[in-house]
Structures are given as structure tokens and as C-alpha cells.
Amino acid sequence: MKKFPETLLGNEDKRRAFYDDKSNLYRFNRHPSVFESILYYYLNPGVLIRPPHVEPEIFYEELRFWNLNENLIEAFIEEDMTPLDDIRILPVEKWRRIIWKTLAYPESFHFPYDKLVIGTYMLITLVSCVPFMNEIIPIVTELNKLRNVLGIKQIDFPLYIRSFYIIEIISITIVSIELNLRIISAPKLPLILYDIFNFLDL
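According to my numbering, the sequence shown is numbered sequentially starting from 6.
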């Protein structure tokens, strides 16, 4: 390992952060199958094999964590025929990965789940637009003007108008839940902060 001082396992200073004094062991809460590939890389310098059941995105994140050579990582990306711009950063924990993929990459699911997720998103988007139609309905505009002129705090709107407000509340609740799930499941917080669509939701 000392032959690779730039890597996490080959650098004692970097490795010390994961040392457990009580058990006298190094603890790495990482993907076990990928760790086997990392060890194989140290035993067979220059040979890096991705387990077939490990997604390229997960493997890519693990290589970055273990601080393997950047040229080697680039070679892996090129060999896997996955452009760097298309690399999807995913959380390590399975439950967070499922939530994040559902919200950020719904097309990654197999048919018919991908269509179901995308269709649900489209339906929610369309329904959330309905309350804004309420602002351009003449009767609502006139009732609002009447309320301002008479100084009346409350006017009974027709039933179908009140339903718009119920839909608006439901839409806001759904969007709030989605945003919180994104924050909880995001592999890295900047992915949330730099996503303009999250600000549009707000």
C-alpha cells in the first residue's frame, strides 16, 4: 500500500481518521464489494475491476473516496463508455439511494415503474397549476374587489372556488415533502443548493 501514498489506504495520515482506538481496527463504512476491488488493485497494481453487480455511479464514488489516481478513474470512465458529465452521484445507503433515484433520476427505473414515477410527477405538476387559474377567473377577481371596497374580511366563495384553495394546500404539502426528501437523501448538499428547480419549487 505504501507504493500508493496518494491513496487513502496508502497514506497513514489520511488513514488515521478512520482508526478506532477501542477496537484497534480501521473502520470504513463503504461498499464491501468495491472494497474487494480496491484491495485487488493494491495486490495487482494497475488492475481495477468493477464487480458486475455494482452500478458505475457507485463504483465511481467509491474510487473518489479511496483517493485512487485521477488518471485511473478517467480511464475507468472511458472504458465503461460513460461520459463524465453523465456520472450520477448516488448516496451509499440503500434507502437514501432509492429515494434519490426516484426523485432525481426516475428514468433509471425499469418499465413500468419509470413511466409510473414520471407520470406521477407530471400529474402533480399539472394539479399544482390549477390554483393559479383561480386568479384569472372573473368571479374571483370581482369578489376580491368587493371585499376590499366594503372592508369585509370574509366572503363566501362558491364551492368550486374553495376547492382551488384545497388543491393549493395539498400541492404545497406535496412539494414540501418532496423537497425535504431531496435534502435527506441527497448524496451531497450542493446538489440541492445548486439545483435551480428546487428554488422554483419554493
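Honestly, the hints are just simulated from the structure, not real lab data. Treat the hints with care, since some could be wrong.
[Unchecked claim] Quick list of simulated restraints, FRET-style, between CB atoms: (1) ILE182 / ASN72: 33 to 43 Å; (2) ILE172 / LEU30: 47 to 57 Å; (3) ARG20 / GLU173: 48 to 58 Å; (4) ASP26 / THR130: 48 to 58 Å; (5) LEU108 / ARG69: 20 to 30 Å; (6) LYS27 / CYS134: 53 to 63 Å; (7) ILE123 / ASP18: 22 to 32 Å.
[As the list claims (entries may be wrong)] Quick list of in silico lysine-lysine cross-link-like pairs, DSSO-like style, CA-CA up to 30 Å: (8) LYS99 / LYS120; (9) LYS99 / LYS19; (10) LYS106 / LYS120; (11) LYS8 / LYS99; (12) LYS19 / LYS120; (13) LYS193 / LYS106; (14) LYS8 / LYS27; (15) LYS27 / LYS99; (16) LYS193 / LYS19; (17) LYS8 / LYS19.
Here a beta-carbon is modelled for each residue, glycine too, at the ideal position from N, C-alpha and C.
Tested hints:
no.	hint	verdict
1	ILE182 / ASN72: 33 to 43 Å	holds (37 Å)
2	ILE172 / LEU30: 47 to 57 Å	holds (56 Å)
3	ARG20 / GLU173: 48 to 58 Å	holds (54 Å)
4	ASP26 / THR130: 48 to 58 Å	holds (52 Å)
5	LEU108 / ARG69: 20 to 30 Å	holds (22 Å)
6	LYS27 / CYS134: 53 to 63 Å	holds (56 Å)
7	ILE123 / ASP18: 22 to 32 Å	violated (47 Å)
8	LYS99 / LYS120	holds (22 Å)
9	LYS99 / LYS19	holds (26 Å)
10	LYS106 / LYS120	holds (14 Å)
11	LYS8 / LYS99	violated (33 Å)
12	LYS19 / LYS120	violated (44 Å)
13	LYS193 / LYS106	holds (14 Å)
14	LYS8 / LYS27	holds (29 Å)
15	LYS27 / LYS99	holds (28 Å)
16	LYS193 / LYS19	holds (21 Å)
17	LYS8 / LYS19	holds (15 Å)
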